[in-house]
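There are 2 protein chains.
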Amino acid sequence: MEAVNRAEETMRSTSEGRCRVVIEDVRPQIDAGRFPIKRIVGERVVVEADVFCDGHDAIAAAVRYRADDSASGALPAAGNESGQFAVAAQRCESATQDGWHEVSMTPLVNDRWRAEFTVDRVGTCRYTIVGWVDPFLTWHRELQKRLAAGQVTAVDLAIGADLIAAATERAEGDDQQRLVEWARRLRSEEALAHRQQIGEDADLPTLMLRYASRESATTHGELQVTVDRERARFSTWYEMFPRSAAAEPGRHGTLKDVAARLPYVATMGFDVLYLPPIHPIGTSFRKGRNNSIEATDDDVGSPWGIGSKEGGHKAIHPDLGSLQDFRQLVGAAQEYGIEIALDVAFQCSPDHPYVTEHPQWFRHRPDGTIQYAENPPKKYQDIYPFEFETEDWRSLWNELKSVFDFWIEQGVRIFRVDNPHTKPFPFWEWCLGAIKREHADVLFLAEAFTRPKIMYRLAKLGFTQSYTYFAWRNSKHELTQYLMELTRRSPSLVRATGARELPAPAEDTCPSNVAEFFRPNFWPNTPDILNEHLQHGGRSAFMARLTLAATLGANYGIYGPPFEHCWSAPREPGSEEYLDSEKYQIHYHDLNRPDSLSNFIGRINRVRREHAALQSNETVRFHDVDNDQLICYSKSSEDCSDLILVVVNLDPHHKQSGFVNLPLADLDLDASQPYQVHDLLSDSRFLWHGARNYVELAPEIVPAHIFQVRRRVRSERDFEYYL
Amino acid sequence: MEAVNRAEETMRSTSEGRCRVVIEDVRPQIDAGRFPIKRIVGERVVVEADVFCDGHDAIAAAVRYRADDSASGALPAAGNESGQFAVAAQRCESATQDGWHEVSMTPLVNDRWRAEFTVDRVGTCRYTIVGWVDPFLTWHRELQKRLAAGQVTAVDLAIGADLIAAATERAEGDDQQRLVEWARRLRSEEALAHRQQIGEDADLPTLMLRYASRESATTHGELQVTVDRERARFSTWYEMFPRSAAAEPGRHGTLKDVAARLPYVATMGFDVLYLPPIHPIGTSFRKGRNNSIEATDDDVGSPWGIGSKEGGHKAIHPDLGSLQDFRQLVGAAQEYGIEIALDVAFQCSPDHPYVTEHPQWFRHRPDGTIQYAENPPKKYQDIYPFEFETEDWRSLWNELKSVFDFWIEQGVRIFRVDNPHTKPFPFWEWCLGAIKREHADVLFLAEAFTRPKIMYRLAKLGFTQSYTYFAWRNSKHELTQYLMELTRRSPSLVRATGARELPAPAEDTCPSNVAEFFRPNFWPNTPDILNEHLQHGGRSAFMARLTLAATLGANYGIYGPPFEHCWSAPREPGSEEYLDSEKYQIHYHDLNRPDSLSNFIGRINRVRREHAALQSNETVRFHDVDNDQLICYSKSSEDCSDLILVVVNLDPHHKQSGFVNLPLADLDLDASQPYQVHDLLSDSRFLWHGARNYVELAPEIVPAHIFQVRRRVRSERDFEYYL
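Listed in order, the protein sequences are those of chains Y and H. According to the numbering used here, the first sequence holds residues 3 to 725 in order. According to the numbering used here, the second sequence holds residues 3 to 725 in order.
Hints in this document: simulated from the structure, not taken from any laboratory. There could be a bad hint or two in this list.
For identical chains, the list gives no copy identity; a pair is met inside one copy or between any two copies.
[Stated by the list, open to error] Below, in silico cross-link-like pairs of lysine to aspartate or glutamate (EDC-like), each with a Cα-Cα straight-line distance of 20 Å or less: (1) 381 to 59; (2) 403 to 389; (3) 381 to 144; (4) 147 to 376; (5) 380 to 144.
Given the structure is predicted, the values throughout are model-derived calculations rather than measurements.
Make the full structure from the sequences, and use the hints.
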């Protein structure tokens with residue numbers, strides 16, 4: 003592995019055959035260091051490894067880490083604050099020429115060691131492990147035994163003195179003086195008489211650890227963390243078609259109309275507003291309503307049919323407005339705490355300027371025509387895919403990256419990438435990597451609805467978030483298995499007591515550390531996906547699916563207004579396409595419809611904002627309910643102070659009830675005391691006792707509970723108040 | 003990882019951004035390719051990997067392998083004999099300039115691919131995976147769809163013709179002609195009329211696969227297999243002290259006496275005769291009987307106190323005989339099918355020539371004395387360890403390797419290495435690697451009774467076999483858990499139906515693929531280990547432990563004659579040392595003792611030789627018995643024709659009985675038919691019916707059954723005969 007190999011090279015080079023410490027099975031890491039793990043600012047990285055050497059000598063190990071761009075001392079000394087660490091920290095302060103910081107590792111069991119640090123800066127952070135044999139520690143340990151056995155000789159003390167003398171050359175200032183003094187003391191006439199005090203004095207080992215010789219240390223290969231801003235982990239997306247944003251019927255919406263929608267979007271609590279492509283749309287082979295082959299003159303075409311004489315991926319559709327309007331929209335959104343996310347779809351309409359300017363970027367057929375997209379028998383004559391195998395691939399890559407660069411200049415920091423799985427992996431690794439190096443705060447959402455290995459690879463290559471199979475996971479079993487797969491982090495090989503047990507994932511062949519690199523984004527619907535459950539489940543299904551997406555996924559989104567207006571009509575039976583889809587025509591949306599779910603959505607998003615438990619995924623635990631139509635799970639904040647318990651009725655047609663069975667101890671609940679569950683949706687409170695408690699959910703009302711669990715009940719009076 | 007990295011480099015270099023195929027999670031491999039896996043000649047290597055690319059193009063993949071020293075075509079074309087493979091084989095025949103052979107991989111599920119090959123030569127075998135996008139396969143697949151949809155055009159056929167034309171440049175001879183013809187045919191006037199035949203003709207795709215373009219292929223980094231001779235996997239060891247080999251009491255045994263013992267050892271069925279160090283023994287601080295500090299003049303000392311004025315690690319103790327005698331012993335043993343294994347213990351007595359010739363190889367104390375071995379409060383003044391951290395480590399390494407070289411020249415091919423875990427890992431990797439390159443048939447047994455991670459590391463570094471914790475695994479639970487840990491191979495991610503389920507190993511932190519690199523060798527006793535069970539269990543315990551070692555471990559050994567004579571007296575209560583241990587004094591052994599277990603041992607070793615099922619470990623399966631004092635397990639040959647079922651009474655003091663419960667289907671047994679279990683120890687036969695059958699074992703007789711299971715019973719008459 004990259005990791006191990008580099009470690010070996012280090013070993014051979016620094017002191018050849020005398021590097022006796024082995025560092026194995028370092029976690030976390032992805033594919034042996036081939037890809038970075040992912041964290042957000044402020045998160046911990048808990049590093050574990052097998053560290054050992056031959057024989058019986060004492061060893062020491064430390065995790066070293068540095069921000070890629072870190073100036074000396076940029077990252078604060080992190081990790082445990084034990085004396086040992088203080089030492090390590092000091093060592094590294096003295097070594098921050100190179101920006102490295104250090105945390106001493108602690109032995110656990112079976113030669114497993116652990117240390118942790120916190121990443122507190124967006125960008126790339128590197129980490130590695132260094133381990134070394136420590137002759138002084140060995141000597142000191144044996145001195146204790148000799149003292150116990152009454153075997154200490156002057157020679158034994160002289161050996162210690164020599165080790166200390168050697169360390170003085172690595173020490174400075176006071177420390178150096180103290181070491182010189184220690185060496186003198188161990189060599190003195192009275193040393194033997196004072197052997198007991200010498201052996202017991204804690205100052206000496208602390209001092210010596212600080213100046214341990216690392217000549218023959220083994221250093222593991224460097225590993226990487228991609229550190230993103232918080233929105234990478236916790237984001238709430240709203241997708242809408244700008245051209246349907248007009249305040250009155252019959253008009254082509256504009257970016258100004260979108261700006262006018264911001265209060266509506268903000269009130270519902272969304273912080274990312276994602277717009278489908280806003281570029282000029284081709285006319286050749288333009289698709290009509292409901293994707294019909296013939297388009298009439300007044301058909302507006304699909305926003306994904308990018309490019310016309312008005313321009314391509316760096317232009318804005320004239321009917322939507324100007325670049326100026328766009329910049330204003332970005333600015334206005336910021337004032338509502340909303341980021342504008344753009345859709346990047348690397349494909350062209352036949353009218354795209356690229357087609358004439360760079361014909362070599364497309365595949366040509368023997369008859370001279372350009373190869374359009376097709377999946378026999380289906381043909382998509384309105385779409386030309388890029389030919390990534392062109393001899394001219396370098397210029398193609400550069401131009402495509404420049405599309406991101408252009409919109410980044412306009413203030414965009416989030417991109418939703420259309421079908422990344424139909425472009426080569428090496429392109430994404432290069433493109434996303436280059437952009438992140440220039441703008442570490444840019445986030446990418448991969449819209450790859452394809453096979454799991456491909457989706458995971460894209461995430462490893464640099465996509466920040468990924469669409470998932472959520473829309474097709476509707477049963478309790480499906481949801482449970484899928485979430486267990488997505489939330490697995492490299493398990494600590496030494497389980498903390500009470501740590502969540504990680505069951506085998508549903509798919510035998512899925513990686514065991516998905517959560518280290520793959521951040522799911524759950525969408526109950528998209529312009530391409532109106533699944534069967536929503537088609538037939540009515541309003542209750544929309545509420546249930548929204549609750550699931552918003553509480554299972556720290557990142558989730560909806561496509562509105564069709565979602566809040568519960569659009570459920572498919573283009574035809576068995577299709578997941580919307581009837582009269584906005585992909586091919588303009589709609590007017592009355593935002594004041596009395597049946598709108600906007601208030602419900604607003605309430606759920608407020609709960610998400612107010613509860614840290616719902617802002618990450620790794621703490622999710624599923625709990626037993628004696629009814630397969632009821633799903634129950636909990637999430638908690640890292641400090642466990644915030645505990646959220648969700649129960650959802652998966653049956654949109656009937657009332658369902660059953661007994662929830664909670665693992666009280668794991669949830670830090672006192673079995674002998676009642677505890678309060680406060681439904682943040684209905685604001686009703688219940689007093690629960692013990693593990694088993696009754697729940698009942700009627701689809702016609704609200705098909706879900708989002709309980710805040712209050713562990714301590716203060717007084718009898720509260721009981722009455724609660725009840 | 004080395005693997006992935008190299009793959010990446012390949013990708014970037016050969017065709018830069020256009021290598022679209024990804025190769026992930028290749029198995030088997032150890033620590034991402036850092037270490038070789040192990041096989042013996044004739045064994046299969048089943049290779050699996052995730053192989054996929056972006057988009058919807060068809061891909062192909064192949065496993066490539068070559069013997070490190072292979073001349074062109076040295077290895078036969080292995081693996082499946084499908085048409086596809088025939089193609090691959092042919093490709094590689096045409097590519098054996100470089101000695102590589104190739105097996106096409108077959109897609110399984112979820113982008114997992116598999117192929118296998120057989121290693122048939124001792125030495126190192128390299129293997130890798132190559133994957134590529136195949137435009138022709140893609141075209142041909144779509145042609146089928148177009149035909150079904152009635153959409154084929156002349157242009158579609160012309161595209162195929164262009165791909166074929168390109169392939170002609172890679173083809174030779176007839177093939178080239180046929181391809182030219184095919185291209186012409188697809189471009190002809192009548193092509194469109196004949197489209198159906200063209201699409202259905204199997205000749206074209208077969209021909210084209212052979213000449214697929216690999217310009218943009220992705221090649222994984224090379225992985226390695228250490229291929230050993232069969233004795234690495236299946237060996238039967240007997241350890242004895244040459245100086246106790248005299249045919250009559252009161253004489254120092256010699257190598258000639260050992261030669262005279264060969265018939266005795268051969269009759270018991272051993273094929274490795276391992277001798278403790280045969281070198282001159284130091285006199286300074288020589289230990290007396292029972293390891294007493296004071297030695298009398300007639301004390302012979304410990305063979306591990308190596309070196310005197312008569313010589314060191316390359317000399318033979320004068321009382322044992324001459325180098326000439328040793329060579330004769332090696333030759334005589336060969337005639338009995340026995341190999342002589344020597345003990346290599348890298349440590350010196352104070353009288354070793356090294357001490358004066360190379361003082362820099364030892365650690366010196368401030369008072370000028372040399373540091374002897376100690377573990378306070380214990381002191382071993384008779385032993386000087388080498389100082390591997392000496393500045394002069396290179397010359398030390400070379401000299402130590404030359405010790406192996408010397409005895410290899412005398413005909414030795416098996417070494418038992420004493421305490422390898424007290425010498426640096428880098429030394430072993432270098433030393434064993436260098437020797438194996440020069441003499442691929444040399445085997446090394448690691449005597450490291452230490453922590454699991456260290457034992458596993460030594461195995462990864464090149465030790466062929468390893469001592470284990472077997473001596474301290476006595477209960478049914480201990481034995482089951484331990485064997486499950488030791489016999490795990492990288493699990494296929496796609497389980498073959500009926501494949502053995504691999505339960506989680508006992509130790510949470512043990513590797514999941516131990517059997518890929520660690521070959522256990524089970525010893526019920528050694529000169530250092532007389533465990534409690536044998537001290538108190540009497541003859542029955544010796545028989546039970548021997549049966550367990552010999553049937554659980556394809557490699558096992560005993561230290562005799564103390565084993566066959568059931569020596570059970572410890573030096574003192576609580577000690578695992580033998581009373582009057584042969585380590586410190588000479589014993590006379592009467593080989594004709596009526597109570598000797600030699601016949602029993604001979605019978606068990608004959609069963610091992612006659613039954614392939616007992617010659618490897620990976621097929622072991624434990625079966626339910628409703629009595630914790632009875633352990634039951636089965637092993638089968640790779641083709642499952644040979645099925646051995648073992649039941650052992652772990653209680654040396656009482657008769658135990660119970661019902662064995664067998665998974666009939668997994669063992670390929672017909673639930674509707676009786677089957678015969680033939681006890682190869684007692685030669686008694688039983689007719690069993692169904693899954694549950696009664697067993698009863700009395701310690702005073704034989705505490706074990708070794709059943710050969712006969713699946714098909716031919717006729718009623720046989721029943722009677724059997725019963």
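**Asked** Which earlier hints can't be squared with this structure?
**Response** none
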